[in-house]
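Those sequence lines, one after another, are chains E and F. Just so we're aligned: the first sequence equals residues 3 to 256 in the working numbering. Just so we're aligned: the second sequence equals residues 579 to 827 in the working numbering.
Be aware that a few hints might be false.
As the list claims (entries may be wrong) - Under 8 Å between C-beta atoms, here's a sample of chain F residues computed to sit facing chain E:
{"no.": "1", "residue": "PHE595"}
{"no.": "2", "residue": "VAL632"}
{"no.": "3", "residue": "PHE643"}
{"no.": "4", "residue": "MET654"}
{"no.": "5", "residue": "SER658"}
{"no.": "6", "residue": "ARG661"}
{"no.": "7", "residue": "ASN670"}
{"no.": "8", "residue": "ALA672"}
{"no.": "9", "residue": "PHE674"}
{"no.": "10", "residue": "ILE677"}
{"no.": "11", "residue": "PHE685"}
{"no.": "12", "residue": "PRO686"}
{"no.": "13", "residue": "ARG689"}
{"no.": "14", "residue": "HIS690"}
{"no.": "15", "residue": "ARG803"}
Unchecked claim - Chain F residues, not near chain E, derived (Cβ > 10 Å throughout):
{"no.": "16", "residue": "GLY633"}
{"no.": "17", "residue": "ASP695"}
{"no.": "18", "residue": "GLY710"}
{"no.": "19", "residue": "ALA741"}
{"no.": "20", "residue": "LYS768"}
{"no.": "21", "residue": "ASP810"}
{"no.": "22", "residue": "ASN812"}
{"no.": "23", "residue": "ARG822"}
Unchecked claim - Anything over 12 Å on all C-beta distances counts as not near chain F; from chain E, calculated:
{"no.": "24", "residue": "ARG16"}
{"no.": "25", "residue": "VAL55"}
{"no.": "26", "residue": "LEU126"}
{"no.": "27", "residue": "ASP191"}
{"no.": "28", "residue": "VAL247"}
No lab work stands behind these hints: they were computed from the structure. Given the structure is predicted, the values throughout are model-derived calculations rather than measurements. Every residue gets a Cβ at the ideal spot worked out from N, C-alpha and C, and that includes glycine.
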Amino acid sequence: MTALIVRWLEAVGRGSQFAFRAVCAMFLPPYEIQETLRQLFELGCRSVPLIAVSGLAVGVVLSMHTRASLARFGAEALIPAGLAIALVRETGPLTAGLLLSGRIGAGIGAELGAMKVTEQIDALEAVAVDPFKYLVVTRVVACVIAVPLLTTIMNATGMLGGFAAETAATGMSLSAYFTKAFASIQFSDLIPATLKTMVFGFIIAVVSSYLGVNTTQGTEGVGRASTRSVVVSSILLIVANVLLVRIIFFFYPA
Amino acid sequence: MGDEAPVVELRDVTKSFGHRRVLDDLCLTVARGHSLCILGRSGTGKSVTLKHIVGLVKPDAGRVFVEGQDITSMPMAALSQVRRRIGFLFQNAALFDSISVGENVAFPLRRHTRIGDTEIRSRARDLLGQVGLGNEYDMMPADLSGGMRKRAGLARALALEPAILLADEPSAGLDPVTAAEIDALLVDLKRRSNTTMVVVTHNIPSARTIADQFVFLHEGRVLGRGSADDLDRNTSPLVKEFMRAQGAG
Numbered sequence: 003m004t005a006l007i008v009r010w011l012e013a014v015g016r017g018s019q020f021a022f023r024a025v026c027a028m029f030l031p032p033y034e035i036q037e038t039l040r041q042l043f044e045l046g047c048r049s050v051p052l053i054a055v056s057g058l059a060v061g062v063v064l065s066m067h068t069r070a071s072l073a074r075f076g077a078e079a080l081i082p083a084g085l086a087i088a089l090v091r092e093t094g095p096l097t098a099g100l101l102l103s104g105r106i107g108a109g110i111g112a113e114l115g116a117m118k119v120t121e122q123i124d125a126l127e128a129v130a131v132d133p134f135k136y137l138v139v140t141r142v143v144a145c146v147i148a149v150p151l152l153t154t155i156m157n158a159t160g161m162l163g164g165f166a167a168e169t170a171a172t173g174m175s176l177s178a179y180f181t182k183a184f185a186s187i188q189f190s191d192l193i194p195a196t197l198k199t200m201v202f203g204f205i206i207a208v209v210s211s212y213l214g215v216n217t218t219q220g221t222e223g224v225g226r227a228s229t230r231s232v233v234v235s236s237i238l239l240i241v242a243n244v245l246l247v248r249i250i251f252f253f254y255p256a
Numbered sequence: 579m580g581d582e583a584p585v586v587e588l589r590d591v592t593k594s595f596g597h598r599r600v601l602d603d604l605c606l607t608v609a610r611g612h613s614l615c616i617l618g619r620s621g622t623g624k625s626v627t628l629k630h631i632v633g634l635v636k637p638d639a640g641r642v643f644v645e646g647q648d649i650t651s652m653p654m655a656a657l658s659q660v661r662r663r664i665g666f667l668f669q670n671a672a673l674f675d676s677i678s679v680g681e682n683v684a685f686p687l688r689r690h691t692r693i694g695d696t697e698i699r700s701r702a703r704d705l706l707g708q709v710g711l712g713n714e715y716d717m718m719p720a721d722l723s724g725g726m727r728k729r730a731g732l733a734r735a736l737a738l739e740p741a742i743l744l745a746d747e748p749s750a751g752l753d754p755v756t757a758a759e760i761d762a763l764l765v766d767l768k769r770r771s772n773t774t775m776v777v778v779t780h781n782i783p784s785a786r787t788i789a790d791q792f793v794f795l796h797e798g799r800v801l802g803r804g805s806a807d808d809l810d811r812n813t814s815p816l817v818k819e820f821m822r823a824q825g826a827g
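Starting from the given sequences, assemble the full structure and let the hints guide the process.
Here you go:
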């Protein structure tokens, strides 16, 4: 049991060191701009269909639930506002974060894991390229930029889904729906909640990169790195969310 | 063959992975323009020795010198400068599988030279042509056979015209004709560019063609060294058995 705790603490220490190194390396040259843009496309643009479709479905479901709840109190008129606040403040960022920890986390863990076991990371080093900068920092920067943008897409498609459900139920017009929805959203609802997803992006990229570049035991290890990337980054993301919500409430009390 | 100052030197290098000692007080020197072939059975530390020379593995004890510079605890920036003068062919080629074969070869040129795109592509095509892959520039590494990957790996290793070439089993997985062509390419490279080579191979006929010095490793220690004839005359049963088996093969 003690050995297990020691091993766990060692892993936490190594992971924290890796994250700190990533933060420092982000601001130090050389900047791998071309590779960062490539990662932004691979991790960001290629995630748009997943996020857009999920957002739409979440919006529809959320709208149906909100309707069921508010109808009990005769407050159906508040549905657009309720849905917008719920989506923008919490549902959108957290759902996008968890979905992306699945798509991006698994992808980075598997890709870097495969590169490790096939000596491609050694090959990069042998041609005098810093693999940490080239593989890890580029992915971290891409995720920190992409996740808030993808969250915004999820919020937008979520609102559209909510509108679709609402117009199907009541025939409400697009302008009426969005006027009511946007009237309820303030700066303090949207910006801090969206920006907190930069931390989600950082967690996803750092955790999956760390597990990827430390892969051992061949293809079995690659599978394990991929799975653990999703599990660990999802757990850390949920825990970090609690902390971040607390911080946001401190600066912008409800 | 030029001056005899060692270009590559391993001084009392010891390395363990876990409880397993892979290299045990290993000493090696290779002078400029010479070719050293490391022989030995599988798992005797041959590939690990190569990785020490390019700084991918750090010794637990001992020092590694490349062109007179101690790379054992060298900062990353300085080590990168040393690495630019070394070409490394990995055992399984280690091609970057997200880019085409041609871009793999062009990669070191794009990173470390200021040559234009057209010239880089032209050089990469030339290098691929030298290893018999002139038409495979746009193919992805996953679409190549093992032998073709190996040849592409060699082309990438030669891209920066290295002063030192480290090759881990360059002819493994190749048909005899292609293997002979690769051997001829390495011999020609040594003759033309005075490239220093350290080659790991199990193929004794190939080694006799490429190398002028031999080292036989067993459990991380040198059991025999010298010319091919010296190894043939070695009295160690392990060396004798290896040379006889390979000679018969």
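Q: May I ask you to test the interface hint for PHE685/F with respect to chain E, counting a Cβ-Cβ separation under 8 Å as satisfied?
A: At 7 Å from the nearest chain E Cβ, PHE685/F passes the 8 Å test, so the hint holds.
Q. Is the nearest Cβ of chain E still more than 10 Å from the Cβ of GLY633/F?
A. GLY633/F not clear of chain E: closest Cβ-Cβ about 8 Å, inside 10 Å.
Q) Minimum Cβ distance from ARG803/F to chain E below 8 Å? A) Since chain E brings no Cβ nearer than about 26 Å to ARG803/F, farther than 8 Å, the hint is violated.
Q: Just double-check LYS768/F for me: nearest Cβ-Cβ distance to chain E has to come out over 10 Å.
A: 20 Å, holds
Q | Hint validity - PRO686/F Cβ closer than 8 Å to any chain E Cβ | A | Holds. Min distance 5 Å.
(Q) Under 8 Å is the threshold here; is the Cβ of ARG689/F close enough to any Cβ of chain E for the hint to stand? (A) Where the cut-off is 8 Å and the nearest Cβ of chain E is about 6 Å from ARG689/F, the hint holds.
Q: Hold the hint about ARG661/F up to the distance rule: shortest CB distance to chain E must be less than 8 Å.
A: Constraint on ARG661/F satisfied, holds at 4 Å.
Q.
Using Cβ atoms and 10 Å as the threshold, tell me whether ARG822/F really stays out of contact range of chain E.
A. Given that every Cβ of chain E is farther than 10 Å from that of ARG822/F, nearest at about 32 Å, it holds.
Q) Minimum Cβ distance from PHE674/F to chain E below 8 Å? A) 6 Å, holds
Q | Interface-negative label, VAL247/E against chain F, beta-carbon threshold 12 Å | A | 37 Å, holds
Q: Taking the shortest Cβ-to-Cβ distance between ASP810/F and chain E, state whether it exceeds 10 Å.
A: 33 Å, holds
Q) Can we confirm that no CB of chain F comes within 12 Å of the CB of ARG16/E? A) 17 Å, holds
Hints 1, 3, 10, 15, 16 and 26 from the list above are not met by this structure, while the remaining hints are.
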